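Respectively, the protein sequence lines represent chains C and F.
Take the first sequence: its position 76, counted from the start at 1, is 76 in my numbering, and no numbers get skipped.
Heads up: take any position in the second sequence, counting from 1, add 112, and you land on my numbering.
Read the hints as simulated data drawn from the structure, not as lab findings.
Treat each hint with caution, since some may be false.
Within a straight-line C-alpha distance of at most 20 angstroms, the following computed DMTMM-like cross-link-like pairs (lysine to aspartate or glutamate) qualify [said to hold, decoys possible]:
hint: 1; chain 1: C; residue 1: Lys76; chain 2: F; residue 2: Glu176
hint: 2; chain 1: F; residue 1: Lys235; chain 2: C; residue 2: Asp48
hint: 3; chain 1: F; residue 1: Lys179; chain 2: F; residue 2: Asp284
hint: 4; chain 1: F; residue 1: Lys233; chain 2: F; residue 2: Glu223
hint: 5; chain 1: C; residue 1: Lys83; chain 2: F; residue 2: Glu291
hint: 6; chain 1: C; residue 1: Lys83; chain 2: F; residue 2: Glu120
hint: 7; chain 1: C; residue 1: Lys76; chain 2: F; residue 2: Glu291
hint: 8; chain 1: F; residue 1: Lys180; chain 2: F; residue 2: Glu291
hint: 9; chain 1: F; residue 1: Lys208; chain 2: F; residue 2: Glu223
hint: 10; chain 1: F; residue 1: Lys233; chain 2: F; residue 2: Asp220
hint: 11; chain 1: F; residue 1: Lys235; chain 2: F; residue 2: Glu223
hint: 12; chain 1: F; residue 1: Lys233; chain 2: C; residue 2: Asp103
hint: 13; chain 1: F; residue 1: Lys235; chain 2: F; residue 2: Asp220
hint: 14; chain 1: F; residue 1: Lys180; chain 2: F; residue 2: Asp281
hint: 15; chain 1: F; residue 1: Lys235; chain 2: F; residue 2: Asp140
hint: 16; chain 1: F; residue 1: Lys179; chain 2: F; residue 2: Glu291
hint: 17; chain 1: F; residue 1: Lys211; chain 2: F; residue 2: Glu234
hint: 18; chain 1: F; residue 1: Lys211; chain 2: F; residue 2: Glu223
These figures come from a predicted structure and were not determined experimentally.
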Amino acid sequence: MTQHHHDPANVTNPEHAEHHVVPPSTYLMVFGTLLLFTGLTVVAAYIDLGILNPVVALGIASFKAVVVILFFMHVKYQSGLIKMTVGSGFFAFLILTTLTLSDYISRAWGLW
Amino acid sequence: MWLFLLTEIMFFGGMFLAYLLYRNWYYDAFVVGSNQLSIPLGGTNTAILITSGFFMAMAVWASEVRKKGLLLLFLVLTTVFGFIFLGIKYVEYHEKWEKHHVPGFHFDVSEFVNPHAYGLKEKPLAPDMAQKTQIFFSLYFALTGVHALHMMIGIGVLFWLMWRARRGDFTDGYVAPIENFALYWHFVDIVWLFLFPLLYLINRHPGA
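Could you build all of it, start to finish, from the sequences and the hints given here?
In structure tokens, the structure reads:
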């Protein structure tokens, strides 16, 4: 592992140009936020919001996921390439979901 | 590492999509099935997993600032909370087995067809819809099972990382393995952040 010891030209880890050290205080804030929103989602599940219940649940889950990705996974401090890679992954999943669902809702279920 | 995680999005994504469609088809069965899961256990596990993820993030920091003792401590804490999560998961699985809620020959729908006889405050389901609770539990076991498998693999890797960290491999500026493993661990966390509301919190019929 010594070859990584001194590498000012950053040859071994080019994706880590300008390595950003995230301080523990940030992690603590994120930790608190995540716990808070976990509590919120449980409380929200007991409130009758009709059709909005799953929307709120997924909204909170997505918010937590974004917080984890940005701070715990350091995407906020990464290069544009990494940001785009991560974004494209979720976007591709969204496309597949949309295609599947548009097929699903446009079928004449039970009419044949 | 991110590219690997993208394949993981697709891997879990397929099952999430299956869940979405079946939930739409057999909503009543999914509600009853979901209400059989324990929010205290599931919520506690969510908090435990977040705590584990927090310690993993702290491990990355310790590695970056080259503090070997702290790095080891945080890796151990990450592992401990991982084990607690799996322990609670085991308790939940065991309860499902005892209540005949594991899909297969052992499965029993009588609780869902005649809930009042079992002291459940649920809407009785027609026998064919009650059978569909098996689909909910199948997806529950598939999703949480594969998630737990990811955690077991992660814990295996954690032991390897601890062994190497003790040797001082990650506290002389070489952070990449710790960082990449943290990405994996956080990804597994994120999967659970979605599993918890989708499986446990479908419809707690408020007001009823």
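Hint check results:
{"no.": "1", "hint": "C/Lys76 with F/Glu176", "verdict": "holds, 17 angstroms"}
{"no.": "2", "hint": "F/Lys235 with C/Asp48", "verdict": "holds, 17 angstroms"}
{"no.": "3", "hint": "F/Lys179 with F/Asp284", "verdict": "holds, 9 angstroms"}
{"no.": "4", "hint": "F/Lys233 with F/Glu223", "verdict": "holds, 11 angstroms"}
{"no.": "5", "hint": "C/Lys83 with F/Glu291", "verdict": "holds, 16 angstroms"}
{"no.": "6", "hint": "C/Lys83 with F/Glu120", "verdict": "holds, 17 angstroms"}
{"no.": "7", "hint": "C/Lys76 with F/Glu291", "verdict": "holds, 15 angstroms"}
{"no.": "8", "hint": "F/Lys180 with F/Glu291", "verdict": "holds, 15 angstroms"}
{"no.": "9", "hint": "F/Lys208 with F/Glu223", "verdict": "holds, 13 angstroms"}
{"no.": "10", "hint": "F/Lys233 with F/Asp220", "verdict": "holds, 18 angstroms"}
{"no.": "11", "hint": "F/Lys235 with F/Glu223", "verdict": "holds, 11 angstroms"}
{"no.": "12", "hint": "F/Lys233 with C/Asp103", "verdict": "violated, 36 angstroms"}
{"no.": "13", "hint": "F/Lys235 with F/Asp220", "verdict": "holds, 17 angstroms"}
{"no.": "14", "hint": "F/Lys180 with F/Asp281", "verdict": "holds, 9 angstroms"}
{"no.": "15", "hint": "F/Lys235 with F/Asp140", "verdict": "holds, 9 angstroms"}
{"no.": "16", "hint": "F/Lys179 with F/Glu291", "verdict": "holds, 15 angstroms"}
{"no.": "17", "hint": "F/Lys211 with F/Glu234", "verdict": "holds, 16 angstroms"}
{"no.": "18", "hint": "F/Lys211 with F/Glu223", "verdict": "holds, 9 angstroms"}
Taken one by one, the earlier hints fail for this structure only at number 12.
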